[in-house]
Amino acid sequence: MTPFTSISGPAAPLMAQNVNTDVIIRIERLANSKAHELAPYAFEAWRYGSDGTPDPDFVLNDPAWQAAPILLAGENFGCGSSREGAVWALNARGIRVVIAPSFGSIFQNNCYQNGTLPVVLPAETVAKFAEIARAQPEAPFTIDLERQVVVPPNGEPLPFQIDRRRREALLRGQDDIAQTLERLEEIAAFQATDRASRPWAHRIVDGDAG
Amino acid sequence: MGETLFDKVWAPHVVADLGEDYALLHVDRNMLHDLSGANGLEALEARGLTVHSPDLTFSCPDHAVSSLPGRTATSTPISARLAPALRERAERTGIRHFDVNDPEQGIIHVIGPELGLTLPGLLITCGDSHTSTHGGLGAFAFGVGSSEIAHILATQTIVQKRPDTMRVSFEGALPTGVTPKDMILHLIGLVGTAGGDGFAVEYEGEAVRAMPIEGRLTICNMSIEFGAKIGLIAPDDTTYAYIDGRRFAPKGADWDAALTHWRTLPSAPGARFAREITIDAAKIEPQITWGTSPEHTVGIGGRVPDPASAADANRREAWEKALDYMGLAPGTEMEGVPVDHVFIGSCTNGRLSDLREAAAIATGRKVAEGTTAWVVPGSQAVKRDAETEGLDRVFKEAGFEWREPGCSQCVAANGEVVAPGARAVSTTNRNFVGRQGPGARTHLASPAMAAAAAVTGQITDVRKLGQGG
Ligand code: SF4
Numbered sequence: 001m002t003p004f005t006s007i008s009g010p011a012a013p014l015m016a017q018n019v020n021t022d023v024i025i026r027i028e029r030l031a032n033s034k035a036h037e038l039a040p041y042a043f044e045a046w047r048y049g050s051d052g053t054p055d056p057d058f059v060l061n062d063p064a065w066q067a068a069p070i071l072l073a074g075e076n077f078g079c080g081s082s083r084e085g086a087v088w089a090l091n092a093r094g095i096r097v098v099i100a101p102s103f104g105s106i107f108q109n110n111c112y113q114n115g116t117l118p119v120v121l122p123a124e125t126v127a128k129f130a131e132i133a134r135a136q137p138e139a140p141f142t143i144d145l146e147r148q149v150v151v152p153p154n155g156e157p158l159p160f161q162i163d164r165r166r167r168e169a170l171l172r173g174q175d176d177i178a179q180t181l182e183r184l185e186e187i188a189a190f191q192a193t194d195r196a197s198r199p200w201a202h203r204i205v206d207g208d209a210g
Numbered sequence: 001m002g003e004t005l006f007d008k009v010w011a012p013h014v015v016a017d018l019g020e021d022y023a024l025l026h027v028d029r030n031m032l033h034d035l036s037g038a039n040g041l042e043a044l045e046a047r048g049l050t051v052h053s054p055d056l057t058f059s060c061p062d063h064a065v066s067s068l069p070g071r072t073a074t075s076t077p078i079s080a081r082l083a084p085a086l087r088e089r090a091e092r093t094g095i096r097h098f099d100v101n102d103p104e105q106g107i108i109h110v111i112g113p114e115l116g117l118t119l120p121g122l123l124i125t126c127g128d129s130h131t132s133t134h135g136g137l138g139a140f141a142f143g144v145g146s147s148e149i150a151h152i153l154a155t156q157t158i159v160q161k162r163p164d165t166m167r168v169s170f171e172g173a174l175p176t177g178v179t180p181k182d183m184i185l186h187l188i189g190l191v192g193t194a195g196g197d198g199f200a201v202e203y204e205g206e207a208v209r210a211m212p213i214e215g216r217l218t219i220c221n222m223s224i225e226f227g228a229k230i231g232l233i234a235p236d237d238t239t240y241a242y243i244d245g246r247r248f249a250p251k252g253a254d255w256d257a258a259l260t261h262w263r264t265l266p267s268a269p270g271a272r273f274a275r276e277i278t279i280d281a282a283k284i285e286p287q288i289t290w291g292t293s294p295e296h297t298v299g300i301g302g303r304v305p306d307p308a309s310a311a312d313a314n315r316r317e318a319w320e321k322a323l324d325y326m327g328l329a330p331g332t333e334m335e336g337v338p339v340d341h342v343f344i345g346s347c348t349n350g351r352l353s354d355l356r357e358a359a360a361i362a363t364g365r366k367v368a369e370g371t372t373a374w375v376v377p378g379s380q381a382v383k384r385d386a387e388t389e390g391l392d393r394v395f396k397e398a399g400f401e402w403r404e405p406g407c408s409q410c411v412a413a414n415g416e417v418v419a420p421g422a423r424a425v426s427t428t429n430r431n432f433v434g435r436q437g438p439g440a441r442t443h444l445a446s447p448a449m450a451a452a453a454a455v456t457g458q459i460t461d462v463r464k465l466g467q468g469g
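Residue numbers (our numbering), protein chains in the order written: chain G, 1 to 210; chain E, 1 to 469.
None of these hints come from the bench; they were simulated from the model.
Quick reminder that beta carbons are idealized off the backbone N, C-alpha and C, glycines included.
A portion of the hints provided could be inaccurate.
Unchecked claim - Derived Cβ-Cβ restraints for the label pairs, each shown as a range:
{"id": "1", "chain 1": "E", "residue 1": "A311", "chain 2": "G", "residue 2": "V120", "range": "14 to 24 Å"}
{"id": "2", "chain 1": "E", "residue 1": "A329", "chain 2": "G", "residue 2": "A16", "range": "42 to 52 Å"}
{"id": "3", "chain 1": "E", "residue 1": "D17", "chain 2": "G", "residue 2": "T2", "range": "22 to 32 Å"}
{"id": "4", "chain 1": "E", "residue 1": "E389", "chain 2": "G", "residue 2": "R164", "range": "23 to 33 Å"}
{"id": "5", "chain 1": "G", "residue 1": "A67", "chain 2": "E", "residue 2": "E88", "range": "39 to 49 Å"}
All chains should be built: construct the whole structure from the sequences, respecting the hints.
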């Protein structure tokens, strides 16, 4: 996992609410492609018109934002399915930060496992950022995880909240597995005790086998 | 202050307190399916890791398998790649696997409860957001992403932040012709797609207590559609009667110990929830969605809303986009909108009781000219039981296609799509843009409402049809 320290670049305003993971990446693309091959399919349902040509009105088709590493989004971004491919598709397009008022919770967890930073800020703030981005499409925003701030173009640094555990893991480029593998003994001890108190949770007997 | 059901299912799973409300939790059952299962096992191998507790892990192909009668594992190109890969890896790692035409195969969230793998108080994970379904039996169940699948496979644990709790009470009795699907759609319409973000939701109230297990599974299934990763219902005698005797359910002394524990789970009378919602179940109408989000729902007597009346600019834009995609004009009465296709199935509404409700409407009627209709049982067991009751004959005589178990057109991962521009009434859980295929227009409804749409060729209030014609 690539460590995340600080990112600067244009921010694409995709301000629709409740953008779901089906829209971010179609399921059969996931079944047919590897994670790093997903860039052409991100937001496929919105990027192309019904005749298959790119829709010029779609924000990520705008030349100013085609390589934007930051996405500004509406409430509940990444709701819907658990598919981690939604994060892979964003990453494949070079998007490392999504700033939104709230996120679908499985999507948010998936971000942390892939070195992607979900930043939660109030809806008015994100809307203000979107205005700035539309007025100056190429002006860079900076997201500095070490200082825990977002710096809009020509603006003051604005602090954001992130759980310490998530911040440290992102800074180190470490996903949950690496951390939990250090606790295998604790897990073994837990299972031994738990087996005694909840035997039915651990002992699965095939009633048809007998 | 008493503890909630959620407090009580959370506590026994804490392996380590990680601070800031995070905990490392023990996973009691992990379920793999064809879309992400083989990949998860592959990712594990790539990191040089092995499956920690194969005896607590189960796998079954459902998403990409064909539903065509006579299908095999290789009937679709995607399935040909995914299903054998899952089987081989499961066999190699000692995971119990139910293969494509195994007598127990089916949608993971249908077979877990059927097989007695899903039990009250168990922590259950699966790489699928509808894992919340299992909460219908009082399980602590939620969907996880691919990395989390690898984490669980490697350690039999998962890192989670403790959610807030919400209680939704459905008071009063459900009217005739109104189903659990209508209850949950009504709730989502009320609170919105993001209304449950970050919550573990407990469903309670008279209408829930009176409900058989299959309906409870339907309610919990759609928790994720209003943002709640976890939905659960306290176990009661209905729950215990459902589980008793199932293939992998605890037996003998284990059963007695389990039952003693389960009886302690319901929320204490004074338990406090961060948010409480009360709904009068008696006032719920059969629901039908008009847009591209499950919150875009109305009672069957309603009309397509006018974006001009939306509460804010964001919503107005979303509604406009949705109506454009759905090909509907503001103010259109929902009743009477012509329907090209009907899909009855999925982990929301692909169980025996769902098929019975649909068959009751289809009996003695015919699928309307110009409309196609599919019935895809949620599992082999559902299919067998339905055939024993003769439901397959009812459907076939009415002109429905009777197909093999799997997710099929719920997600269209296997090429089983609704045609571009075609309008479908589906018993599934997501009416997202492109969900049932590029350009497909989905209206979510109950099985009875879907059957009513099939036999009339239009969106219809099932209560006006009455039982079989
Ligand atoms: S039936 Fe649909 S919602 Fe359920 S697991 Fe399958 S694809 Fe997901």
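Results of checking the hints against the structure:
1. A311/E to V120/G: 14 to 24 Å: Because 22 Å falls inside the window, the suggested range holds.
2. A329/E to A16/G: 42 to 52 Å: Since the Cβ atoms of A329/E and A16/G sit about 22 Å apart, the hinted range of 42 to 52 Å is violated.
3. D17/E to T2/G: 22 to 32 Å: holds (29 Å)
4. E389/E to R164/G: 23 to 33 Å: About 57 Å separates the Cβ atoms of E389/E and R164/G, which means 23 to 33 Å is violated.
5. A67/G to E88/E: 39 to 49 Å: The hint (39 to 49 Å, Cβ to Cβ) holds, given that A67/G and E88/E are roughly 40 Å apart.
Violated hints, in rising order: 2, 4; the structure is consistent with all others.
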